[in-house]
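Engineer: In case you want the letters, here they are:
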Amino acid sequence: MTTETTVTAEGFFGEYGGQYVPEALIPILDELAAAYDKAKNDPEFQKEFTYYLTKYSGRPTPIYRCANLTKACGGAQIWLKREDLNHLGAHKVNNTIGQILLAKRMGKKKIIAETGAGQHGVAAAATAALMGMECTVYMGEVDIERQKLNVFRMKMMGAEVVPAMSGQRTLKEAVDEALGAWIEHADDTFYLLGSAVGPHPYPSMVRDFQSIIGREARQQFLDEQGKLPDYCIACVGGGSNAIGMFTDFVGDKEVKLVGVEPSGRGLEPGDHAATLCLGTPGIMHGFNSYMLKDENGEPASVYSISAGLDYPSVGPEHSYLKDIGRATYEHASDMEAVDAFFKLSQTEGIIPALESSHALAYALKLAPTLSADQTILVNLSGRGDKDVAEIEKLIASGQITMP
Amino acid sequence: MKLEENLRRRRENKEILLMTHLVLGYPDFDTNREVIAQMVENGVDSIELQIPFSEPVADGPVILKASQESLDHGTKVSDCINFAKEMVEKWDIPFLFMTYYNIVFKYGEEAFFKKCAEIGITGVIVPDIPPEMGGSFYQFAEQYGISPVLIFAPTSSDERMEITGKCSRGFVYCVPRKGVTGAKSEFGDGLTQYLVRCRKHTSLLLGVGFGIESRANVEALIGKADIAIIGSKTIKLVDEKGAASVGPFIRQLLGEK
Numbered sequence: 001m002t003t004e005t006t007v008t009a010e011g012f013f014g015e016y017g018g019q020y021v022p023e024a025l026i027p028i029l030d031e032l033a034a035a036y037d038k039a040k041n042d043p044e045f046q047k048e049f050t051y052y053l054t055k056y057s058g059r060p061t062p063i064y065r066c067a068n069l070t071k072a073c074g075g076a077q078i079w080l081k082r083e084d085l086n087h088l089g090a091h092k093v094n095n096t097i098g099q100i101l102l103a104k105r106m107g108k109k110k111i112i113a114e115t116g117a118g119q120h121g122v123a124a125a126a127t128a129a130l131m132g133m134e135c136t137v138y139m140g141e142v143d144i145e146r147q148k149l150n151v152f153r154m155k156m157m158g159a160e161v162v163p164a165m166s167g168q169r170t171l172k173e174a175v176d177e178a179l180g181a182w183i184e185h186a187d188d189t190f191y192l193l194g195s196a197v198g199p200h201p202y203p204s205m206v207r208d209f210q211s212i213i214g215r216e217a218r219q220q221f222l223d224e225q226g227k228l229p230d231y232c233i234a235c236v237g238g239g240s241n242a243i244g245m246f247t248d249f250v251g252d253k254e255v256k257l258v259g260v261e262p263s264g265r266g267l268e269p270g271d272h273a274a275t276l277c278l279g280t281p282g283i284m285h286g287f288n289s290y291m292l293k294d295e296n297g298e299p300a301s302v303y304s305i306s307a308g309l310d311y312p313s314v315g316p317e318h319s320y321l322k323d324i325g326r327a328t329y330e331h332a333s334d335m336e337a338v339d340a341f342f343k344l345s346q347t348e349g350i351i352p353a354l355e356s357s358h359a360l361a362y363a364l365k366l367a368p369t370l371s372a373d374q375t376i377l378v379n380l381s382g383r384g385d386k387d388v389a390e391i392e393k394l395i396a397s398g399q400i401t402m403p
Numbered sequence: 404m405k406l407e408e409n410l411r412r413r414r415e416n417k418e419i420l421l422m423t424h425l426v427l428g429y430p431d432f433d434t435n436r437e438v439i440a441q442m443v444e445n446g447v448d449s450i451e452l453q454i455p456f457s458e459p460v461a462d463g464p465v466i467l468k469a470s471q472e473s474l475d476h477g478t479k480v481s482d483c484i485n486f487a488k489e490m491v492e493k494w495d496i497p498f499l500f501m502t503y504y505n506i507v508f509k510y511g512e513e514a515f516f517k518k519c520a521e522i523g524i525t526g527v528i529v530p531d532i533p534p535e536m537g538g539s540f541y542q543f544a545e546q547y548g549i550s551p552v553l554i555f556a557p558t559s560s561d562e563r564m565e566i567t568g569k570c571s572r573g574f575v576y577c578v579p580r581k582g583v584t585g586a587k588s589e590f591g592d593g594l595t596q597y598l599v600r601c602r603k604h605t606s607l608l609l610g611v612g613f614g615i616e617s618r619a620n621v622e623a624l625i626g627k628a629d630i631a632i633i634g635s636k637t638i639k640l641v642d643e644k645g646a647a648s649v650g651p652f653i654r655q656l657l658g659e660k
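Taken in order, these protein sequences are the chains called A and B.
The first sequence begins at 1 in the working numbering and counts up one residue at a time.
The second sequence begins at 404 in the working numbering and counts up one residue at a time.
Any given hint could be a false lead.
Taking CB as the label site, the calculated pair distances span [stated by the list, open to error]:
hint, chain 1, residue 1, chain 2, residue 2, range
1, B, Lys-603, A, Gly-58, 54 to 60 Å
2, A, Glu-134, B, Asp-642, 31 to 37 Å
3, B, Arg-654, A, Lys-110, 52 to 58 Å
4, B, Glu-472, A, Glu-392, 47 to 53 Å
5, A, Asp-188, B, Ser-617, 29 to 35 Å
6, B, Arg-600, A, Gly-58, 48 to 54 Å
7, B, Gln-546, A, Leu-267, 37 to 43 Å
In silico DMTMM-like pairs for lysine to aspartate or glutamate, Cα to Cα no more than 20 Å straight-line [said to hold, decoys possible]:
hint, chain 1, residue 1, chain 2, residue 2
8, A, Lys-322, A, Glu-31
9, A, Lys-293, B, Glu-472
10, B, Lys-636, B, Glu-616
11, A, Lys-104, A, Asp-187
12, A, Lys-293, B, Asp-475
13, B, Lys-509, A, Glu-15
14, B, Lys-509, A, Asp-252
15, B, Lys-468, A, Glu-141
16, A, Lys-155, A, Glu-141
17, B, Lys-488, B, Glu-415
18, A, Lys-293, B, Asp-482
19, B, Lys-479, A, Asp-294
20, B, Lys-479, A, Glu-295
21, A, Lys-293, A, Asp-323
22, B, Lys-468, A, Glu-184
23, B, Lys-509, A, Glu-295
24, A, Lys-293, B, Glu-512
25, B, Lys-468, A, Asp-294
FYI, nobody ran anything at the bench for these hints, they're computed from the structure.
For every residue, glycine included, the Cβ atom is placed at its ideal position computed from N, Cα and C.
With the rest of the complex left out, here is chain A:
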């Protein structure tokens, strides 16, 4: 596999990434990095990882040509990588399986995790149940309210859900509290981080576990079409599904990589979470990356209709891919995402997650500008069942109308 974004020893992608953490975390991260390095090159570990991806999560997930949606749109063919067909309904499980197998190897007994939309929390809870490990999930109080069903799912699988009550009470605060708990209990506890963010080795480790998405998709596309897609599109919050999709395509210069961020209610501060589009470099949660800041340099308030995308920073490898021009980053609004949500539901009978609907929304704008022999591959990172109640509420309150 050729990729030009090889991580350096200290975990930098260009100037981004790194380990901006207090001394207490350094030995813990060093232990993790060493354990992961060893596991990565151990065929037994890879065999076990593949076993669970296949038998537990049902991989490989197919790629699917949206004939009806393509017809409705006109222009380029739209294809989906069906990560929504994973066990638990999203790509998150690829990463939780990988990390929990590593946790087991390291002899850890407990798992802590943070979650935004609850997808990672559910995946963490499920894999912890699978491995017989205790699981505590930190989740912003606001997100707990928005994602009741996922909270209940986690509890059903035996996890404890701890509300993060500080600040905006969303994903950022959940990360703070999970990190704090980890520093205290690292002896027997593994921090199962849900996206390709955080201090080294997390961004590269999560990328590696998620890169199964692009590895499969690339081969599947070649097998079915005899060529590569012209575009790969994925939504970007923390950026794990996108980096998982992009990694194996990075070396294919002719394939355009597009990440789609949420522009929420608009481009004013506090109305969106379009970090790569509108941010500047900054350091939080242990790494340097593009970041949305207020005038004081503090992480800005962020917003998106989808709880999985409202994070004021972004995976550091995306910042690097942006700077070197290998990937471009666009944005889609709440309403564009909702339109895409309905369009896929009604033309193909597939209800996408609101997160993935952002990627789809951009594809729907792009397709009509391209010719019919061109192809767009969208990573459908999750299914939308978790968002149905929220959509119903928005319809009932008149904020949106069912098309």
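Given the structure of chain A, go ahead and fit chain B onto it with the hints provided.
Structural biologist: Structure of chain B alone, referenced to chain A:
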């Protein structure tokens, strides 16, 4: 380095020094002024002024909340700098800034240290910029004569203590337990052994923070460390009993009635 000289001079006449801490702008700058007066007039040797950041990853709930509230009512980095300048001019003890790297990064590394030198701040504690990450950070600190204080943790290996010990200036901040600030510490044999190990890896003064609340805690450090550092406790005290309660608390820590 001014900080080290100053602290060593103070240490000559005392069996242990007392360093205190507060979050700037919490509950407000007027209270900060009063608390600092209480601290200095009752014998504190040095004070850490924390510039609030919303993601204080090394800190516990007390400082997290104080930082958040300070930011919520609009504390700016420039306000903190002006306030520090005023304190340095008024009181004859060394003042340090404590903050997180994003604040320095946003301000500009060189500009930040230049400003520190200009207003008479002698040292900085920035816990999330380890030596490996901070080439230019440590160069500018050196250039402007500001002491970057680094941290030893119980989980730090001997090799790591060598590296951080060499990079630190002024003193070394020894964290006696795992976890964030404000939680209880053990002051038993484990601590003694840990401080012996810290001493082996640096000739700088040793400061011990995290969880010091009583005269007994301070006494437990005499002969093993040089500076007792009090953080969250005074913030809680001011919250509960007001700024005027700080003086008696300091006198009690110093073993006076």
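Engineer: Assess, step by step, whether the Cα of Lys-468/B is no farther than 20 Å from the Cα of Glu-141/A, and give holds or violated.
Structural biologist: Satisfied, since the Cα-Cα distance of roughly 16 Å is no more than 20 Å.
Engineer: Tell me if the straight-line CA distance from Lys-155/A to Glu-141/A falls inside 20 Å.
Structural biologist: holds (15 Å)
Engineer: Tell me if the straight-line CA distance from Lys-479/B to Asp-294/A falls inside 20 Å.
Structural biologist: Since the Cα atoms of Lys-479/B and Asp-294/A sit roughly 11 Å apart, the hinted pair holds (cutoff 20 Å).
Engineer: For the pair supplied as a hint, Lys-293/A and Asp-475/B, is the alpha-carbon distance within the 20 Å limit?
Structural biologist: holds (15 Å)
Engineer: Does the Cβ pair Arg-600/B, Gly-58/A satisfy 48 to 54 Å?
Structural biologist: For Gly-58/A against Arg-600/B, whose Cβ atoms are near 51 Å apart, the range 48 to 54 Å holds.
Engineer: So if I understand the rule, the pair passes when the alpha-carbon distance is 20 Å or less; does Lys-488/B with Glu-415/B pass?
Structural biologist: violated (27 Å)
Engineer: Look at the Cβ atoms of Arg-654/B and Lys-110/A and judge whether their distance stays inside 52 to 58 Å.
Structural biologist: The hinted range 52 to 58 Å is violated for Arg-654/B and Lys-110/A, with Cβ atoms some 44 Å apart.
Engineer: Are the Cα atoms of Lys-293/A and Glu-512/B separated by 20 Å or less?
Structural biologist: holds (18 Å)
Engineer: Does the structure keep Lys-509/B and Glu-15/A at a Cα separation of 20 Å or less?
Structural biologist: Roughly 15 Å between the alpha carbons, so the hint for Lys-509/B and Glu-15/A holds.
Engineer: Would you mind confirming whether the straight-line C-alpha gap from Lys-479/B to Glu-295/A stays at or under 20 Å?
Structural biologist: holds (9 Å)
Engineer: May I ask you to test the hint 31 to 37 Å on the CB atoms belonging to Glu-134/A and Asp-642/B?
Structural biologist: holds (34 Å)
Engineer: Would you check the hint for Lys-509/B and Asp-252/A, treating anything up to 20 Å between C-alpha atoms as holding?
Structural biologist: Status violated; Cα separation ~36 Å.
Hint compliance for this structure: hints 3, 4, 8, 14, 17 are not met, and every other hint is.
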